[in-house]
Amino acid sequence: MTIRHHVSDALLMAYSAGQLPEAFNLVLATHLSLCDDCRARLGAYDALGGAMLDTCQAQLAGDSLEACMARIAGQPPASAPAARPPRGLFPQPLQDYVGGDLAAVKWRPLGMGVRQAILPTGRSATARLLFIPAGQAVPDHGHRGTELTLVLQGAFSDATDRFGPGDLEIANEELEHTPVAEPGQDCICLAATDAPLRFTGMIPRLLQPLFRI
Amino acid sequence: MTETGDDWTALLLAVRDRQDRAAFAALFRHFAPRIKGFLMKSGASDALAEECAQDVMATLWQKAHLFDPARASVATWVFTIARNRRIDALRRAKRPEPEDLPWGPEPEPDQQAVLEMAEDTARLGAALARLPPPQRDLIEKAYFGDLTHTEIATQTGLPLGTIKSRIRLALDRLRLQMS
Ligand SMILES: [Zn+2]
Ligand SMILES: [Zn+2]
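Same order as they appear, the protein sequences are chains X and F.
Residue 1 is where the first sequence starts when you use this note's numbering, and the numbers rise one by one after that.
Residue 214 is where the second sequence starts when you use this note's numbering, and the numbers rise one by one after that.
Everything labelled a hint here was simulated from the structure, so no lab data went into it.
Some clues are possibly wrong.
Below, simulated EDC-like cross-link-like pairs (lysine to aspartate or glutamate); rule was C-alpha separation at most 16 Å, straight line [to be verified]:
hint	chain 1	residue 1	chain 2	residue 2
1	F	Lys254	F	Asp359
2	F	Lys254	F	Asp350
3	F	Lys254	F	Glu264
4	F	Lys307	X	Asp96
5	F	Lys254	F	Glu353
6	X	Lys106	X	Asp96
7	F	Lys377	X	Asp36
8	F	Lys276	F	Asp313
9	F	Lys377	X	Asp96
10	F	Lys377	X	Asp9
11	F	Lys377	F	Glu332
12	F	Lys276	F	Asp233
Please put together the full structure from these sequences, using the hints given.
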């Protein structure tokens, strides 16, 4: 997999610092599972976090070490890591949210053959899987906040570029686009938004509250 | 013993390989006050921060077998545990982790790589101390939790390049061993 579109520095830093909404964390964890480049960059931001931690200092309670040793004595021994299910289309963090691989997704139709499945995350941002039939367009829309779209299968294009497996598109207020799935293979994406999209067409606008898009 | 990064690594490996209590106590004396300070700067009360600091150090003992000194310094690794504990304690958004690399840490880490990782981390700390105050302030705010993701602008001029390439090398080496 040749990934051309990666996580931005600002998003990586926010993920390292633990400042992202859950839905964004999920998209990043999924991209990072596929991309050693971003994994190495995240490691650098974690090192920055380590350097920040090193500058902190607070007075411990008098019996702190003894209390900690008592905690250690009371904790169960580290369990062997659970056997990993065979790698399917979805990396592990996404499988944890879906409850399995592609076959376990509970799709809901959105019209024109497009389907979505909303994943259970905190409400400050929404995560969804999108299924766009080969050759099909997603209705033209703009963004009120940030939209992250990670391609898992197939590819889509919009005015900015082409996005293939593993690629992440980061859209914000400035971008209005009509993503179109490439012919040949149906496109499956993991998308997260922290504000409702702005649809330009009438019909999608009417349906919007229904689909939480 | 001087307090440099590679010494912390040696101490953590002693905890990992021999459940060495003296080594753990030395790590505790260094890191626990820092973890507690980190949590208090992030908004935790003294009592909550104390409890979390003990908890983070207990996790360090329990998960020592997962530590890979070729990919992270001890301070970096402690930070990631402390950050996750803070997310739980202060009820911030859940944070799924990337997939584990299935092969885990190398049993016999490359000593040269470990040393270089520790040196790079020390250099990063020194460079951070020399940053102009406004930039440093921004990074503090980001890591102590006072900035939302939309307020975190792209950071330029941070000396992260060499650490990134070093981690990338370690990942490549692991992948190579597997294939
Ligand atoms: Zn990437
Ligand atoms: Zn969009």
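Verification of the hints:
The straight-line distance between the Cα atoms of F/Lys254 and F/Asp359 is roughly 10 Å, inside the 16 Å bound, and the hint therefore holds. For the given pair, F/Lys254 sits about 13 Å from F/Asp350 by alpha-carbon distance, which is consistent with the 16 Å threshold. The straight-line distance between the Cα atoms of F/Lys254 and F/Glu264 is roughly 15 Å, inside the 16 Å bound, and the hint therefore holds. With a CA separation close to 13 Å, the supplied pair F/Lys307 and X/Asp96 stays within the 16 Å bound.
Between F/Lys254 and F/Glu353 the CA atoms are separated by roughly 9 Å; this keeps the pair inside 16 Å, and the hint holds. Of the supplied pair hints, the one linking X/Lys106 and X/Asp96 holds, its CA atoms being roughly 14 Å apart against a limit of 16 Å. Restraint check: the Cα-Cα separation between F/Lys377 and X/Asp36 comes to about 11 Å, which is no more than 16 Å; the hinted pair holds. For the suggested pair F/Lys276 and F/Asp313, the alpha carbons sit about 14 Å apart, so the restraint of at most 16 Å is met.
For the given pair, F/Lys377 sits about 28 Å from X/Asp96 by alpha-carbon distance, which is inconsistent with the 16 Å threshold. Proposed proximity of F/Lys377 and X/Asp9 is supported: the alpha carbons are some 12 Å apart, at most 16 Å. Pair hint F/Lys377 plus F/Glu332 holds up; C-alpha atoms about 13 Å apart against a cutoff of 16 Å. In summary, the hint linking F/Lys276 to F/Asp233 is supported, as the alpha carbons are separated by about 14 Å, within the 16 Å threshold.
Taken one by one, the earlier hints fail for this structure only at number 9.
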